[in-house]
Amino acid sequence: MGLESRFGDNILTTVADKFINWGRKNSLWPLTFGTACCGIELMSTIALRYDIARFGAEVLRFSPRQADLLVVAGRIVIKMGPVLKKIYDQMLEPKWVLALGACATSGGLFNTYGVIQGIDQFVPVDVYVPGCPPRPEDILNGLLKLQKKIERDTVLYRER
Amino acid sequence: MDSVEGNQALAKLKATYPDSILEAKEFRGDITVTIKKENLLSILQFLRDDEELKFNHLASISGIDYLKMEDVEGRLAVVYHLYSLKNNRRLAIKTFITGDSLEIDSVYSLWKTANWQEREIYDLFGITFKGHPALKRIFLPEDFEGHPLRKDYPLEGRGERSRFDYEEE
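So the sequence lines, in the order shown, correspond to chains A and B. One rule links them: number in our numbering = place in the first sequence (from 1) + 35. One rule links them: number in our numbering = place in the second sequence (from 1) + 11.
These are calculated hints, taken from the structure and not from any lab test. Yeah, the Cβ is synthetic: ideal placement off N, Cα and C, and Gly gets one too. Do not take every clue at face value.
Residues from chain B that face chain A, not an exhaustive set, calculated with beta carbons under 10 Å [stated by the list, open to error]:
| hint | residue |
| --- | --- |
| 1 | Tyr77 |
| 2 | Lys79 |
| 3 | Arg86 |
| 4 | Phe150 |
| 5 | Leu151 |
| 6 | Gly157 |
| 7 | Asp163 |
| 8 | Pro165 |
| 9 | Leu166 |
| 10 | Gly168 |
| 11 | Ser173 |
| 12 | Arg174 |
| 13 | Phe175 |
| 14 | Tyr177 |
Could you put together the complete structure from these sequences and hints?
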């Protein structure tokens, strides 16, 4: 960009929190837990037209051990609940959860015996994205909201 | 378009099993025959193997709960949708589950495709299929209690959707 040439062989100083959070928020590796139509919108968000790579979250990992953002896209039924919990437990810290769409957030229109009425009852959710299903712009907005949240985080040890 | 009077399969069925046929209805060209459940296997085998009719494809099996439905005497029913690839004809066979045992003969011996469909009906309606090779739940968790597609099961469940005693790793 030409900016480096002005600094030459110098050293930049910054705050550890800011530097680490800057790296974290711009390189989120999502694990896509797509169980319904929200998963289709998520695929569209990842693909060319909306291009989630513009926000640094294009490296999809289908192993929880390599991901730091769990995107729950769709309704979670009682049989899937333990699976989701296990996948969340397998992810390494730091990790974040995005509840995508009405169903993951609250059960949506499926007010029935089998659908869990909101995944936040057993998994901590950082950002909720409303919509049924949400448009790709909404998903990107949710990602930006999460980036804002990561900015405010600190690397110092803190009681969770 | 078939009518009840002009349907070849129905006429043949009536001639062969005069005592087993309770009712025959036509709706928009499709015939539904209600039969006694005792003769289910032999009637379905007859429809499958008859040289003229050849209903060789079991398109679907459904369970129905007629709880508190007017004009219907029985409660649980099973419907078999047959299709003849040879004649391009369809026929639905309905049978009510009477008695306390909620049992009916499995048609797995006639069509292998009945295996999972009968498991589904067992899972959601609690109808037992005699002679099924492995009758266990197919959708719901194995420790699930009750049969939620019955009309007297509460829509929002009995609290199973808010039980989160998952094992900690």
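Interface hint status, Phe150 (chain B) versus chain A (Cβ within 10 Å): Constraint on Phe150 (chain B) satisfied, holds at 8 Å.
Interface hint status, Phe175 (chain B) versus chain A (Cβ within 10 Å): holds (4 Å)
Supplied contact hint for Leu151 (chain B), tested at 10 Å Cβ to chain A: Holds, because the Cβ-Cβ distance from Leu151 (chain B) to chain A comes to roughly 7 Å (cut-off 10 Å).
Evaluation of the interface hint that places Ser173 (chain B) against chain A, nearest CB under 10 Å: Cβ of Ser173 (chain B) sits 7 Å from chain A, so the hint holds.
Per-residue hint verdict: Lys79 (chain B), partner chain A, C-beta under 10 Å: violated (20 Å)
Evaluation of the interface hint that places Gly168 (chain B) against chain A, nearest CB under 10 Å: Constraint on Gly168 (chain B) satisfied, holds at 3 Å.
Hint validity - Leu166 (chain B) Cβ closer than 10 Å to any chain A Cβ: holds (6 Å)
Status of the hint placing Arg174 (chain B) at chain A (closest C-beta pair under 10 Å): Interface hint status for Arg174 (chain B): holds (8 Å vs cutoff 10 Å).
Closest C-beta approach of Gly157 (chain B) to chain A relative to 10 Å, hint status: At about 9 Å, which falls below the 10 Å cut-off, the nearest Cβ of chain A leaves the hint on Gly157 (chain B) intact, so it holds.
Cut-off 10 Å, beta-carbon criterion: hint that Asp163 (chain B) touches chain A: violated (13 Å)
Interface hint compliance - Tyr177 (chain B) to chain A, C-beta minimum distance less than 10 Å: holds (5 Å)
Interface hint for Arg86 (chain B), Cβ within 10 Å of any Cβ on chain A: violated (20 Å)
Hint compliance for this structure: hints 1, 2, 3, 7 are not met, and every other hint is.
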